[in-house]
Amino acid sequence: MFGRRLVSFFKSSPSSKVSSTGNSVNEEKSKSYARKAVSFVLIAVTGGVALSALDDLAIYHGCSSKAMEKASKNQAIIDAIGEPIKKGPWYNAFLAVAHKRQSVSCTFPVSGPQGDGVLQFKAVRNGDDNWYSYFVPRDWEILIMEALLHVPGNEERQQTLRINLSEIAPPPSCIACTECKPQQSENQDKK
Numbered sequence: 163m164f165g166r167r168l169v170s171f172f173k174s175s176p177s178s179k180v181s182s183t184g185n186s187v188n189e190e191k192s193k194s195y196a197r198k199a200v201s202f203v204l205i206a207v208t209g210g211v212a213l214s215a216l217d218d219l220a221i222y223h224g225c226s227s228k229a230m231e232k233a234s235k236n237q238a239i240i241d242a243i244g245e246p247i248k249k250g251p252w253y254n255a256f257l258a259v260a261h262k263r264q265s266v267s268c269t270f271p272v273s274g275p276q277g278d279g280v281l282q283f284k285a286v287r288n289g290d291d292n293w294y295s296y297f298v299p300r301d302w303e304i305l306i307m308e309a310l311l312h313v314p315g316n317e318e319r320q321q322t323l324r325i326n327l328s329e330i331a332p333p334p335s336c337i338a339c340t341e342c343k344p345q346q347s348e349n350q351d352k353k
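Converting from the sequence shown to our numbering requires adding 162 to each position, the first position being numbered 1.
These aren't lab readings, by the way, just hints derived from the structure by calculation. All values reported here derive from a predicted model rather than from experimental measurement. Misleading hints may appear alongside valid ones.
Below 20 angstroms or equal to it, Euclidean Cα-Cα: the simulated EDC-like pairs (lysine to aspartate or glutamate) are [as the list claims (entries may be wrong)]:
#1 K228 / E245
#2 K228 / D218
#3 K262 / D278
#4 K232 / E303
#5 K232 / E189
#6 K249 / E308
The calculated label-pair distances, taken between Cβ atoms and stated as ranges, are [stated by the list, open to error]:
#7 H261 / M230: 19 to 29 angstroms
#8 V286 / A212: 20 to 30 angstroms
#9 N188 / L257: 44 to 54 angstroms
#10 Q264 / Y195: 35 to 45 angstroms
#11 G250 / N326: 15 to 25 angstroms
#12 D217 / N188: 38 to 48 angstroms
#13 K262 / L204: 23 to 33 angstroms
#14 A220 / D241: 28 to 38 angstroms
#15 E189 / P271: 51 to 61 angstroms
#16 Y253 / R324: 21 to 31 angstroms
#17 G209 / E245: 35 to 45 angstroms
#18 E245 / Q320: 19 to 29 angstroms
#19 E190 / V286: 49 to 59 angstroms
#20 S214 / S194: 27 to 37 angstroms
Yeah, the Cβ is synthetic: ideal placement off N, Cα and C, and Gly gets one too.
Let's have the full structure, built from the sequences with the hints guiding it.
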């Protein structure tokens with residue numbers, strides 16, 4: 163260590179030390195500002211990523227809770243894997259958010275005493291999108307939902323079931339409106 167200092171002392175001349183002292187103060191200030199700016203940017207980016215991850219976790223929790231509520235009421239799922247139906251860990255789930263976090267596609271594991279499987283669904287968020295909505299639980303409407311269940315058994319009894327949980331109602335029939343009377347335009351009334 164002492165040898166390195168001695169070599170560096172002999173390499174730099176005294177005249178260069180005197181002339182560079184004024185510049186070194188300015189260089190140190192600019193380096194200090196650059197370091198602070200880089201630190202601020204890194205902290206801001208890290209905070210943004212953390213907030214996005216927490217928001218995705220809140221979306222997953224809200225949607226999967228609603229899906230579990232719907233699945234635990236379905237008799238076909240109860241018959242296939244038994245009761246109680248438990249949600250798998252969040253880190254085994256798949257979540258895709260789109261349209262400014264207004265729609266979501268999610269897949270997560272479920273298990274019961276007789277078997278296990280995955281629930282897949284697509285949902286949309288009801289309500290407006292503002293800053294206040296980040297702090298309030300969101301109301302999700304599940305559009306499409308199905309369960310892929312594996313029921314183990316003897317070699318001949320192993321089953322994989324696909325159960326559709328979507329409540330697809332037929333569209334209401336079209337009825338011609340006979341009560342409405344056509345209105346005349348204002349231009350025809352003035353003539």
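Cross-check of the supplied hints:
no., hint, in the structure
1, K228 / E245, "holds (17 angstroms)"
2, K228 / D218, "holds (16 angstroms)"
3, K262 / D278, "violated (33 angstroms)"
4, K232 / E303, "holds (11 angstroms)"
5, K232 / E189, "violated (64 angstroms)"
6, K249 / E308, "holds (15 angstroms)"
7, H261 / M230: 19 to 29 angstroms, "holds (24 angstroms)"
8, V286 / A212: 20 to 30 angstroms, "holds (26 angstroms)"
9, N188 / L257: 44 to 54 angstroms, "holds (50 angstroms)"
10, Q264 / Y195: 35 to 45 angstroms, "holds (41 angstroms)"
11, G250 / N326: 15 to 25 angstroms, "holds (21 angstroms)"
12, D217 / N188: 38 to 48 angstroms, "holds (43 angstroms)"
13, K262 / L204: 23 to 33 angstroms, "holds (27 angstroms)"
14, A220 / D241: 28 to 38 angstroms, "holds (33 angstroms)"
15, E189 / P271: 51 to 61 angstroms, "holds (57 angstroms)"
16, Y253 / R324: 21 to 31 angstroms, "holds (25 angstroms)"
17, G209 / E245: 35 to 45 angstroms, "holds (42 angstroms)"
18, E245 / Q320: 19 to 29 angstroms, "holds (21 angstroms)"
19, E190 / V286: 49 to 59 angstroms, "holds (55 angstroms)"
20, S214 / S194: 27 to 37 angstroms, "holds (31 angstroms)"
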